[in-house]
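Listed here are the chains, written in short residue letters.
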Amino acid sequence: EAGVTQFPSHSVIEKGQTVTLRCDPISGHDNLYWYRRVMGKEIKFLLHFVKESKQDESGMPNNRFLAERTGGTYSTLKVQPAELEDSGVYFCASSFRGLYEQYFGPGTRLTVT
Amino acid sequence: AQSVAQPEDQVNVAEGNPLTVKCTYSVSGNPYLFWYVQYPNRGLQFLLKYITGDNLVKGSYGFEAEFNKSQTSFHLKKPSALVSDSALYFCAVRDKRVNRDDKIIFGKGTRLHILP
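As they're listed, the protein sequences go chains H and L. Under the numbering used here, the first residue of the first sequence carries the number 131, and numbering increases by one thereafter. Under the numbering used here, the first residue of the second sequence carries the number 1146, and numbering increases by one thereafter.
No lab work stands behind these hints, which were simulated from the structure alone. One should not assume that every hint holds.
Facing chain L, from chain H, some residues (calculated, C-beta under 10 angstroms) [unchecked claim]: (1) G133; (2) V134; (3) Q136; (4) Y163; (5) K171; (6) I173; (7) F175; (8) Y204; (9) Q210; (10) E213; (11) C222; (12) A223; (13) F234.
Here are some, though not all, of the chain L residues that point toward chain H, as calculated from beta-carbon distances under 10 angstroms [claimed, not checked]: (14) K1167; (15) Q1183; (16) R1187; (17) Q1190; (18) L1193; (19) K1222; (20) P1224.
List of simulated lysine to any residue pairs, SDA-like, C-alpha gap at most 20 angstroms [as the list claims (entries may be wrong)]: (21) K174(H) - D1154(L); (22) K171(H) - Y1184(L); (23) K1253(L) - V219(H); (24) K208(H) - G158(H); (25) K171(H) - L1233(L); (26) K171(H) - Q1190(L); (27) K171(H) - K1214(L); (28) K174(H) - N1186(L); (29) K171(H) - P1152(L); (30) K171(H) - A1146(L); (31) K171(H) - K1253(L); (32) K171(H) - Q1151(L); (33) K208(H) - Q1155(L); (34) K1253(L) - Q147(H); (35) K1194(L) - K1214(L); (36) K171(H) - N1186(L); (37) K171(H) - Q1155(L); (38) K171(H) - S1148(L); (39) K174(H) - K1214(L); (40) K184(H) - H159(H).
We treat Cβ as the ideally placed atom computed from N, Cα and C, and that holds for glycine.
Just chain L, with the same shape it has in the complex:
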């Protein structure tokens, strides 16, 4: 069964420092991987995806994520955090073997606090 784990409920980072939000996945085949962000009182916003190709994918708002097949991880990163990055971040996965329109599976979410 497909699953996603976000081991940290909350991550605190000082403004200007690099940030990492961790995600590991479990699928039977090759994965489609996603990061979404939810700002307060807003819906989920798509940040970036990994489908195939370069292991480092770049997304919105300066975020990037590194796909690591051997460690089954897809950590979200940003070189320099902003206070406005404070939000709830969700990692998600879909098994590449199934229909590309199929549902996606979400992690529990990690709350990111950027301290001024």
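Only chain H is shown next, with the shape it has when bound in the complex:
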């Protein structure tokens, strides 16, 4: 069974540009989560989808971040316009509904210069 996949693995963009990150969860997992780790800090929750609905978006830092999960399958996280403080590793995770542990993808390392 394929795990959670994320694309791209790395992205280097200039301040003010737009970047879109993609996450493909494990097949059949209704729950999809986005997290972010800024250098040396904790991994912080961004938001949670149940199928195509946003269950909790309390961790989204501001309105420059837009997440979607059309059709309840893959998800995208768009940052527009990117700022320097957006640099970090963005992790996606998924879980089967009612299952306690979440399964993580390899992350996308975003560098904003």
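Given the structure of chain H, go ahead and fit chain L onto it with the hints provided.
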């Protein structure tokens, strides 16, 4: 508010020796507790969890963790360290009172170095 503390940024252990990576937590109710590991250039891998029952839980790669309610701790342990155990370890928690699908809260991570 829920929180997790990993008091050590780095732990160095000689190969073959027992290892312990410390974690303490703070939640309002009873916790769901997790350990994840991140190897270089890889994503987070689930190691083990404590939900209820036996305080000693066993996980992948020979790791185990002991839940101690009175000390609010969930230390990760392994009887004999391998060089391949060198990685970044994250402790995480979720409050059992909320939806079991809710987000989890991570500690800052502890880098484990196993010295050959």
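Check: K171(H) and K1214(L): Cα distance at most 20 angstroms?
Finding: 26 angstroms, violated
Notebook entry, point to check: Does Q1155(L) lie within 20 angstroms of K171(H) when you go C-alpha to C-alpha?
Noted result: 14 angstroms, holds
Note to self: Given the hinted pair K174(H) and D1154(L), is their Cα-Cα distance within 20 angstroms?
What the structure shows: 18 angstroms, holds
Check: Quick one, are K1194(L) and K1214(L) close enough, alpha carbons at most 20 angstroms?
Finding: Measuring from Cα to Cα gives roughly 15 angstroms; hence the hint holds.
Note to self: Holds or violated: K171(H) and S1148(L), Cα atoms, limit 20 angstroms.
What the structure shows: 14 angstroms, holds
Next item on the list: Measure nothing beyond the straight line between the CA atoms of K171(H) and A1146(L); if it is 20 angstroms or shorter, mark the hint as holding.
Entry: 18 angstroms, holds
Next item on the list: Quickly compare the C-alpha distance for K171(H) and Y1184(L) to 20 angstroms and report which way the hint goes.
Entry: Answer holds: K171(H) to Y1184(L) is near 17 angstroms, not above 20 angstroms.
Notebook entry, point to check: Is the hinted pair K171(H) and L1233(L) satisfied, with a Cα-Cα distance of at most 20 angstroms?
Noted result: OK: K171(H) and L1233(L) at ~13 angstroms, within 20 angstroms.
Check: Minimum Cβ distance from K171(H) to chain L below 10 angstroms?
Finding: With Cβ-Cβ at 7 angstroms, under 10 angstroms, it holds.
Item checked: When the least beta-carbon distance from E213(H) to chain L is tested against 10 angstroms, hint result -> 23 angstroms, violated
Check: Are K171(H) and N1186(L) close enough, with their CA atoms no more than 20 angstroms apart?
Finding: 17 angstroms, holds
Check: Holds or violated: is the Cβ of F234(H) closer than 10 angstroms to a Cβ in chain L?
Finding: 4 angstroms, holds
Taken one by one, the earlier hints fail for this structure at numbers 8, 9, 10, 14, 19, 20, 24, 27, 33, 34 and 39, listed in ascending order.
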